[in-house]
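S.K.: 225 is the number that the numbering used here gives to position 223 of the sequence shown; each next residue is one higher, with no gaps.
Derived from the structure by calculation, the hints contain no laboratory data. Just so you know, these numbers come straight off a predicted model, no measurement behind them. There's no promise every hint is true.
Said to hold, decoys possible - When the alpha-carbon atoms are kept at most 25 Å apart in a straight line, the in silico SDA-like pairs for lysine to any residue are as follows: (1) K242 / G70; (2) K210 / L172; (3) K101 / K73; (4) K141 / E103; (5) K242 / M186; (6) K101 / E129; (7) K210 / M192; (8) K73 / R140.
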Amino acid sequence: MYTDVATTQAAPFDALRQVRADGTEFWAARDLMPILGYDRWENFTAAVARAHASAVAQGHDVNTLFLGVTKKGAGRPQQDIELARFACYLVAMNGDPRKPEVAAAQAYFAIRTREAETTVPALTEDEIVAQALAITTRKVEALKARVHELEPKAEFYDELMEADGTYSMLAASKILGWGRNVMMRDLRRMGVLQGNNLPYQRYEHHFKVVPGTYTNPRTQETVPTATTFVRPSGLEFLRKKLTQAPTVVEGGDR
3 MYTDVATTQA APFDALRQVR ADGTEFWAAR DLMPILGYDR WENFTAAVAR
53 AHASAVAQGH DVNTLFLGVT KKGAGRPQQD IELARFACYL VAMNGDPRKP
103 EVAAAQAYFA IRTREAETTV PALTEDEIVA QALAITTRKV EALKARVHEL
153 EPKAEFYDEL MEADGTYSML AASKILGWGR NVMMRDLRRM GVLQGNNLPY
203 QRYEHHFKVV PGTYTNPRTQ ETVPTATTFV RPSGLEFLRK KLTQAPTVVE
253 GGDR
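Start from the sequences and build out the full structure, keeping to the hints where you can.
M.R.: Encoded structure:
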């Protein structure tokens, strides 16, 4: 059950607002994440990335709107982003329109941003609801258009998918537009795959390792083997990793 942040007097967004020593305000992205209905940092940062791209396209100074920080605690350092009010608004506008928390947040930041920048009185409750519905409708239509655009790609993915929903390394390389040998080489260089092409433990949740056996034709000895398959979540992970791979010219297998 979510809270209507646009109409609740003690809105959770107000409670999350922080102020720096110089008087500037910000919201911590990790604090904002659950309020917008996200439970995974990886999914939420996708919305933040879209908001960042939107700010760049509009000519805003993204360095003041999105400030990356590293928080040190008892465990490992944790990455976070300090968001200005307008950045929060953009994140809400670029969030998942199917989440009711996002629709409410869109209305909240639209109204609060307007109140901060103008002296126009706040909208009535009916106007807020109408604006939230209009924003949600627009986002849903955009999502439908995106789904229609991706349908051919989804069909291609389905053709390459194994019966258990995973992809072979060859299928993954075709989807990502890389040569299989080059992709495997780069993943080994970046420490994603071991020398035997099995994933390192920290990345194993993106893969499925299927054990098997191999009969040596010379000795007839049965040797245990294992084959690595890519889970659907691993495709986007590999895409991001491979964009970081250094360019190495070795016969153009890519």
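S.K.: Now tell me, hint by hint, if it's right for this structure.
M.R.: Now for the hints, and whether the structure bears them out:
1. Of the supplied pair hints, the one linking K242 and G70 holds, its CA atoms being roughly 19 Å apart against a limit of 25 Å.
2. For the hint pairing K210 with L172, the CA-to-CA distance comes to about 14 Å; that is within 25 Å, so the pair holds.
3. At most 25 Å may separate the alpha-carbon atoms for a hinted pair to count; K101 and K73 exceed this at roughly 28 Å.
4. A distance of roughly 14 Å separates the Cα atoms of K141 and E103; the hinted pair therefore holds under the 25 Å criterion.
5. Restraint check for K242 and M186: the C-alpha separation of about 14 Å stays at or below 25 Å, so the hint holds.
6. A distance of roughly 20 Å separates the Cα atoms of K101 and E129; the hinted pair therefore holds under the 25 Å criterion.
7. At most 25 Å may separate the alpha-carbon atoms for a hinted pair to count; K210 and M192 meet this at roughly 19 Å.
8. Distance restraint check for K73 and R140: the Cα-Cα separation of roughly 36 Å exceeds the 25 Å cut-off, and the hinted pair is therefore not satisfied.
The structure does not agree with the numbered hints 3 and 8 stated previously, though it agrees with the rest.
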